[in-house]
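Got chain A sorted already, so can you dock chain B onto it with the hints?
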Amino acid sequence: MSYAATHDQHDDHHGAPKSFFQRWCMSTNHKDIGTLYLIFALTMFFIGGSFAMTIRAELFKPGLQLVQPYFFNELTTMHGLVMIFGAIMPAFVGLGNWMIPMMVGAPDMALPRMNNLSFWILPFAFVLLLSTLFLPGGGPAGGWTMYPPLSLQSGSLAYVVFAIHLMGISSIMGAINIIATILNMRAPGMDLLKMPVFVWSWLITAFLLIAVMPVLAGAVTMLLTDKYFDTSFFNPGGGGDPVLYQHVFWFFGHPEVYIMILPAFGIISEIVPTFSRKPIFGYKAMVFALACIAFLSFIVWAHHMFAVGLPLGADIFFMYATMLISIPTGVKVFNWVTTMWGGSLTFETPMLFAVAFIILFTIGGFSGLMLALVPADFQYHDTYFVVAHFHYVLVTGALFAIIGATYYWLPKWTGNMYSEFWGKVHFWNSVIWVNVLFFPQHFLGLAGMPRRIPDYNVAFANFNMISSIGGFLFGASQLVFLGVLIHCAFFSKKKAADRVWEGARGLEWTVPSPAPHHTFDVPPVIHDEELAHGDVHA
Amino acid sequence: MSQQHDAYFVPAKSYWPFVAAVVMFTFMFGAGHWLNAEPGEAGFGKTVLTVGVVGVLCMFFGWFRSVINESLAGSYNHQVDTSFRMGMMWFIFSEVMFFGAFFGALFYIRMFSVPWLGGEGHGVLTHQFLWSDYTAAWGANGGNGPAHVGGAFEIVPAWGLPLLNTLILLSSSVTVTIAHHALRAGHRGRILVFLGMTVLLGALFLNFQAHEYIEAYHELNLTLGSGVYGSTFFLLTGFHGLHVTLGTIMLAVIWFRVLKGHFSKDHHFGFEAVAWYWHFVDVVWLGLFMFVYIL
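So the sequence lines, in the order shown, correspond to chains A and B. Read in order, the letters of the first sequence correspond to residues 114 to 651 in the numbering used here. Read in order, the letters of the second sequence correspond to residues 284 to 578 in the numbering used here.
Looking at chain A on its own, in the form it has when it is part of the complex (with noise of 0.2 Å):
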């Protein structure tokens, strides 16, 4: 056992505090902080949930039923820009939180006051952008990308804009945060390459946010400048160009979908090798794949604007390096496969969800590839083809990875079981409904259907309302999860092991479960049988 008992030459550093202000709100606690942003995330998924659900009812059939359009227009904004930076986003770096420190042998981040503002930035920066629903001059409703002019139309810019720059000062002291944690805390023998994937995932991650989150910033500080300051970056009268906006909202953007990605590689990463009880294939291919993809993601934004009217150079340039991602990603497709192969499989709810994510993100890969092909691009671009294609690799991929990391360490978290039988019920559900959901638009798509319409033409009826009816039941499934979820945590009477999982390997299953509030306060001695990958298994 690494596990050291904790001392008490601090005493206020062990167990939680019990006053409520002072738990929560002046939390140097990485497992507290991580728990609010947890909680965050899943406040924001219901959110913008319930944003996707009139979306789908609105398109249940042909003509206007429910909504105004441009209230329609608001709910695909507000619901893109509430899942990616408040759904997604926190939960991975409540995940990372969590999970990162005790990986890692570290007692807690390693600037905890700056984890702490990083978090409770969000709740407001959410409330300054929800806010703007309830305004006069409505919410923005030119798309979550806010693409001048169009965005320069909407009333509320400047409140959207500024909750943007909040959202991009927490990312950034995140990712920092990450880094420092993961280069300068980790306990003696922890060498790199011995590193878990999720922590290498994260320490990519992490570069990737510090890198871009600042770009996204001077793009909508441009869009501010444009609206309220008489500047014309985004105007050809004066010299401008509303192309260049999407230029650098692009070299955010592309970045960001792998930051929103690369998180989940490394969960299952985690949770394959555990569930198939061997050492994952390849690490250090899983890891240079990880750094590949990372590089690659800086040099194809522009395979975002191929209906624009770029140079021809520059459309064959970014088909090319988008084409490239396919070579990395496939190496950890195949390394995940290659773990299942020949392993003691079982399939407990995490697991399912790893394979789903595996079979169906594949899927979305290959969607992918073919927006990728700038002929066939000029077809598809802006049609539901390209939304089908993003919420098959951010649902049932980055999604579906967040809910199998939930399902992996909620004993960790909580010292409960979760109820396998109910955890299997809102898998099924989930991966049924969310095929029903998606899998038609890519018909609708290929048909030529826009999105970010509430009508449409009536020969995409049946396939809308199919769509709408596996909508309504996959957001009905998610009522499931949040069912476990309170059940696992206050009311289930079976206790979690230390070591949950047979087959898992690592720091954290050296520690009790719950975790207590404080671990590795001296650094562990470190086994390399108990690491989860790395040079011993290479």
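Honestly, the hints are just simulated from the structure, not real lab data. Please read these numbers as outputs of a predicted model, since none were measured by experiment. Keep in mind that the hints are not guaranteed to be accurate.
[Claimed, not checked] Here are some, though not all, of the chain A residues that point toward chain B, as calculated from beta-carbon distances under 7 Å:
| no. | residue |
| --- | --- |
| 1 | F133 |
| 2 | W137 |
| 3 | T141 |
| 4 | I234 |
| 5 | F237 |
| 6 | A271 |
| 7 | I289 |
| 8 | A293 |
| 9 | N297 |
| 10 | P327 |
| 11 | F342 |
| 12 | V421 |
| 13 | P424 |
| 14 | G426 |
Quick reminder that beta carbons are idealized off the backbone N, C-alpha and C, glycines included.
Same frame as chain A, but now just chain B:
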């Protein structure tokens, strides 16, 4: 790579992060409300904004005071020092990327959007149908685009005040380095002199830049509204000026901390962080001088 320690350090609970989140929100909400108000509407935005700005300043003061006290009490071990260093380095990297967005915009506008509006290569049709009389150029004769947004203007000549400002910032980088060496050698008097000179040079730079802005607005008709030339000129130099202002304040704080004897030969992260920041600001200026003023 991993270091040996007997015990880790985790800081005690603090209300400053929560206060920081509240005042940042107040700041941003006030600014948003102010900008969003209809013309002539009596809004509370400016009041909230002022409260927010004052709140942010108080928060920085209070938070840093508690950190300085903990540092003086010897709470921070070598590992904490390394975390601080990494934090500062990556923060500066994020600032580099922020300026990168605006430099990127400048290069795109000069390399692509202005020449295309003038009918080159890709923009031949736009040119022909919308602005066939526009000749692509940068500076006074076309930098505000085919619609001459903001009217005729003159540019700030590179070899006047900007050159002087370049020399001022470069010498301030030298003085701060001399002060750093003096700190390592333990000569407090010399630190105070050279660090003080750095602060004064920073203030001098800001003074000249304010001068330049006033002249641009009143005599050259070069404003934020002068097409894309004015946009890039003022946003790039303006954000840089903002950073110089922050840097000068930071240097001044460090000067007082040196006076109070807060730093020792081998324990002076605060000093070094500010010095790094100052060098970063200096390097950005060299880029500005080259690409905004000279070329």
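Consistency of the hints with the structure:
no. : hint : verdict
1   : F133 : 13 Å, violated
2   : W137 : 9 Å, violated
3   : T141 : 5 Å, holds
4   : I234 : 5 Å, holds
5   : F237 : 4 Å, holds
6   : A271 : 4 Å, holds
7   : I289 : 5 Å, holds
8   : A293 : 4 Å, holds
9   : N297 : 5 Å, holds
10  : P327 : 4 Å, holds
11  : F342 : 5 Å, holds
12  : V421 : 11 Å, violated
13  : P424 : 5 Å, holds
14  : G426 : 10 Å, violated
Checked against the numbered hints given earlier, this structure breaks hints 1, 2, 12, 14; the rest are met.
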